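**Student:** The chain contents come next:
2 protein chains.
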Amino acid sequence: MVTRHRVVIVGGGFAGLTAARTLRKQAVDITLVDRRNFHLFQPLLYQVATGALSAANIAAPLRAILAKQANVRVVLGEAVGLDAAARQLRLADGNVLPYETLIVATGSRHHYFGKDAEWEPLAPGLKTLEDATEIRRRVLLGFEHAETAEDPAARAASMTFVVVGGGPTGVELVGALAEIARRTLRGEYDRIDPAAARIVLVENSARILGQFPDDLAEHARRGLVKLGVEIRTATRVTEIRPNGVTLHHGEQDERIDAGIVLWAAGVRGQAFGKVLADHAGATLDRGGRVQVAPDCTLPGHPEILVLGDLAGMEQDGKPLPGVAQVALQQGVYAAKLIADRLRGRVTPPFRYRDRGNMATIGRGHAIADLGWMHLSGFTAWLIWLFIHIMYIVGFQNRVLVLVQWAWAYLSRNRSARLITGVKDQPGT
Amino acid sequence: MVTRHRVVIVGGGFAGLTAARTLRKQAVDITLVDRRNFHLFQPLLYQVATGALSAANIAAPLRAILAKQANVRVVLGEAVGLDAAARQLRLADGNVLPYETLIVATGSRHHYFGKDAEWEPLAPGLKTLEDATEIRRRVLLGFEHAETAEDPAARAASMTFVVVGGGPTGVELVGALAEIARRTLRGEYDRIDPAAARIVLVENSARILGQFPDDLAEHARRGLVKLGVEIRTATRVTEIRPNGVTLHHGEQDERIDAGIVLWAAGVRGQAFGKVLADHAGATLDRGGRVQVAPDCTLPGHPEILVLGDLAGMEQDGKPLPGVAQVALQQGVYAAKLIADRLRGRVTPPFRYRDRGNMATIGRGHAIADLGWMHLSGFTAWLIWLFIHIMYIVGFQNRVLVLVQWAWAYLSRNRSARLITGVKDQPGT
Chain D
1022 MVTRHRVVIV GGGFAGLTAA RTLRKQAVDI TLVDRRNFHL FQPLLYQVAT GALSAANIAA
1082 PLRAILAKQA NVRVVLGEAV GLDAAARQLR LADGNVLPYE TLIVATGSRH HYFGKDAEWE
1142 PLAPGLKTLE DATEIRRRVL LGFEHAETAE DPAARAASMT FVVVGGGPTG VELVGALAEI
1202 ARRTLRGEYD RIDPAAARIV LVENSARILG QFPDDLAEHA RRGLVKLGVE IRTATRVTEI
1262 RPNGVTLHHG EQDERIDAGI VLWAAGVRGQ AFGKVLADHA GATLDRGGRV QVAPDCTLPG
1322 HPEILVLGDL AGMEQDGKPL PGVAQVALQQ GVYAAKLIAD RLRGRVTPPF RYRDRGNMAT
1382 IGRGHAIADL GWMHLSGFTA WLIWLFIHIM YIVGFQNRVL VLVQWAWAYL SRNRSARLIT
1442 GVKDQPGT
Chain G
1022 MVTRHRVVIV GGGFAGLTAA RTLRKQAVDI TLVDRRNFHL FQPLLYQVAT GALSAANIAA
1082 PLRAILAKQA NVRVVLGEAV GLDAAARQLR LADGNVLPYE TLIVATGSRH HYFGKDAEWE
1142 PLAPGLKTLE DATEIRRRVL LGFEHAETAE DPAARAASMT FVVVGGGPTG VELVGALAEI
1202 ARRTLRGEYD RIDPAAARIV LVENSARILG QFPDDLAEHA RRGLVKLGVE IRTATRVTEI
1262 RPNGVTLHHG EQDERIDAGI VLWAAGVRGQ AFGKVLADHA GATLDRGGRV QVAPDCTLPG
1322 HPEILVLGDL AGMEQDGKPL PGVAQVALQQ GVYAAKLIAD RLRGRVTPPF RYRDRGNMAT
1382 IGRGHAIADL GWMHLSGFTA WLIWLFIHIM YIVGFQNRVL VLVQWAWAYL SRNRSARLIT
1442 GVKDQPGT
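Protein chains in written order, with the working numbering: chain D, 1022 to 1449; chain G, 1022 to 1449.
None of these hints come from the bench; they were simulated from the model. As the structure is a prediction and not an experimental result, all values here were calculated from the model. Heads up, a few of these hints could be off.
Since the list can't tell identical chains apart, any single copy or any two copies may satisfy a pair.
[Unchecked claim] In silico SDA-like links for lysine to any residue, alpha-carbon gap of 20 Å or less:
#1 K1339 with R1364
#2 K1046 with G1208
#3 K1089 with R1207
#4 K1089 with R1204
#5 K1295 with S1129
#6 K1089 with G1208
#7 K1295 with G1309
#8 K1089 with T1368
#9 K1295 with L1305
#10 K1046 with D1211
#11 K1046 with E1260
#12 K1089 with P1215
#13 K1295 with R1108
#14 K1089 with R1212
#15 K1089 with Y1210
#16 K1148 with A1106
#17 K1046 with E1209
#18 K1339 with D1316
#19 K1295 with R1253
#20 K1089 with R1203
#21 K1089 with D1214
#22 K1089 with D1211
#23 K1357 with Y1373
Pulled out of the complex, with its shape left as it was, chain D reads as follows (with noise of 0.2 Å):
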């Protein structure tokens, strides 16, 4: 048996999953790594996070997920150390694999501006499925809590939410948790009013979703402020306390006693980027991302290829944003590039191409910027659902969440709203 080309891909997300699936019909031995054994749809985490879905309807099992495909491998483990000269990558485990092409896909983490120990244990972000049940058990906690205080200040303080970020994943946690305050909940306290919640966003530039059209961002301005979510923008975060923040604003400082803060703000490229710094010559940018070349190769190393969230690179002259789209796209683009290479052709330079950004402002209720056309309201929202519905990896959980989100839309309800996880149960 001839010994074929051997790619190794680290990372099972948008942009490693898509290069597997696009490279089924190549001549090529894939190897999957990833530190999980699910691939997870990210864009829906929000959903986990405020108890609409629940974490197996936005993740499938990789495994499942390629079984059919006979020229890849999955491997659960931690990629930690790599060999550029002998091309070996090597795993937490011990094990070694040697490879021809490497593509380094592993994404990005939350980044707290030099703050991230005081501050991550403090405001969780969202990545991943287990911060997604750490929020939702928050939130709920925070309404319980308010129920059984008995001093007013504490009570309002537990029902005040602040999350971080006035970019899309910050706008959508503030719409979804203004629709458990205002609708889920209604009617299942005795002593507090779960409508009188406080929600408040706070986006340190000018204006929130500032990827977004001046028009479609003051819509969805308007429709938070209708849901009641107070909007800081031109507002820094200064401090996270365990019980509040301080907000810094034109000459003022604010603190607000919040019992729940959420961080939605920053990202910057996972560990294995300092691998490839101290192994292959990368480098770095001030996020922590990898700068690759027009062809999403590693300068010097045209063998490892960098995509998704874990890349830097520009495109005329502005960075690529760090969304599904781009790492889809550098999916397709990877295999081709070996496709390519295999068949002794040139492949052009990457191009992305913006199909349209899309945000959630609550039930219902979505913007859309398509370029040519600018949607909002109704349309815009059946449209976001069918795009991730369409988009979410294997038949069942397409059904499933189509099902939940039917029923979720039409009761109003939320099945979800589980407080899980050790340290919720009082007294231990």
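With the hints as your guide, set chain G onto chain D.
**Tutor:** Quick look at chain G alone, frame taken from chain D:
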């Protein structure tokens, strides 16, 4: 406004929740206290542990279930103390709940026959959602470790599952494990054949399913053997190690190297029984159950009722089993007793009507003892399915469970095969 009769219910399981709902038209003020914010359908926990259902499919928020019942209030909290003379229940957060009638239905927890401290971390049981996801994590990681293990003995051990306890829970667990190994995971690994997994069921007494008639237990035994399960009856577990167990059978000791050991053997009453013993003169039996009068009340305290798994009650010289049916019927009985007392009527003693026992043995296969009739095979499984879906609280869960099961049955797939929790990240 006249102060109404106050009923405090501790525990939102089958007994407590049924009592609360049955009292909905009575002139009483009910407070339902639970440590968790949801009602859990425990009989299906093994389906979560084996990845067929999501946590939210078998759990429903107590507040949502009771939102439309005006005479009930839900409190998230842990009952830790009692002043029986003053008729006050004390919670861990310091709050005090006065009552005219107290219903205690806190259920049972695992019992490792005096070896709790040593064995519990090594052999998790199946009582909570956290237990279920922990078992799911261990089972799936077992196959992952086998896939990357270089040593054949280590590989075999990683794929060896020992379940201790041959009652319905143990039988349903091994049946589901066999399904996963032989069917669900087929073709998803490169180096191992999941069907080669070894599944051992250990039972102390002479046969499995002691509470079932001989013919049905024998049918189940044959069904499990057909699925490749090794059944060891008249066998005691004498040691549980991090990587295996020692069994004792006849005069022989047998060591089995097993990556995963699960506990389905013994339960005892929850800790609140001790509070009743210390502060209300309750007598506990060896299993920590509170001995109650034939009307479910605590001797000497007619205003305190103990229901469900925590209650120790005999009928026709035999102790009542710790099953959902008993808890449900006692919940209805307790509500009737309270209603009768408000009207000055006397209620006849509680009488358990055994409507039959069921257990599943893998996909589309069950046994049912209806007393007047013994059923087995697919018909029994359809009845089992129907009864369980009908009982699941809340319309949404019922529909979703049905869709998920229908899909799992048709596709032989399992969607909720997610390894979650902090410990699953190799290298951390």
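**Student:** Hint by hint, say whether it matches the structure.
**Tutor:** Status of each hint after checking the structure:
| no. | hint | verdict |
| --- | --- | --- |
| 1 | K1339 with R1364 | neither (33 Å within a copy, 78 Å between copies) |
| 2 | K1046 with G1208 | between (56 Å within a copy, 19 Å between copies) |
| 3 | K1089 with R1207 | between (46 Å within a copy, 11 Å between copies) |
| 4 | K1089 with R1204 | between (43 Å within a copy, 14 Å between copies) |
| 5 | K1295 with S1129 | within (13 Å within a copy, 50 Å between copies) |
| 6 | K1089 with G1208 | between (49 Å within a copy, 8 Å between copies) |
| 7 | K1295 with G1309 | within (8 Å within a copy, 56 Å between copies) |
| 8 | K1089 with T1368 | neither (28 Å within a copy, 63 Å between copies) |
| 9 | K1295 with L1305 | within (8 Å within a copy, 60 Å between copies) |
| 10 | K1046 with D1211 | between (61 Å within a copy, 18 Å between copies) |
| 11 | K1046 with E1260 | neither (53 Å within a copy, 51 Å between copies) |
| 12 | K1089 with P1215 | between (48 Å within a copy, 16 Å between copies) |
| 13 | K1295 with R1108 | within (17 Å within a copy, 63 Å between copies) |
| 14 | K1089 with R1212 | between (55 Å within a copy, 15 Å between copies) |
| 15 | K1089 with Y1210 | between (49 Å within a copy, 11 Å between copies) |
| 16 | K1148 with A1106 | neither (33 Å within a copy, 52 Å between copies) |
| 17 | K1046 with E1209 | between (54 Å within a copy, 18 Å between copies) |
| 18 | K1339 with D1316 | within (16 Å within a copy, 76 Å between copies) |
| 19 | K1295 with R1253 | neither (35 Å within a copy, 52 Å between copies) |
| 20 | K1089 with R1203 | between (45 Å within a copy, 17 Å between copies) |
| 21 | K1089 with D1214 | between (52 Å within a copy, 15 Å between copies) |
| 22 | K1089 with D1211 | between (53 Å within a copy, 12 Å between copies) |
| 23 | K1357 with Y1373 | within (14 Å within a copy, 69 Å between copies) |
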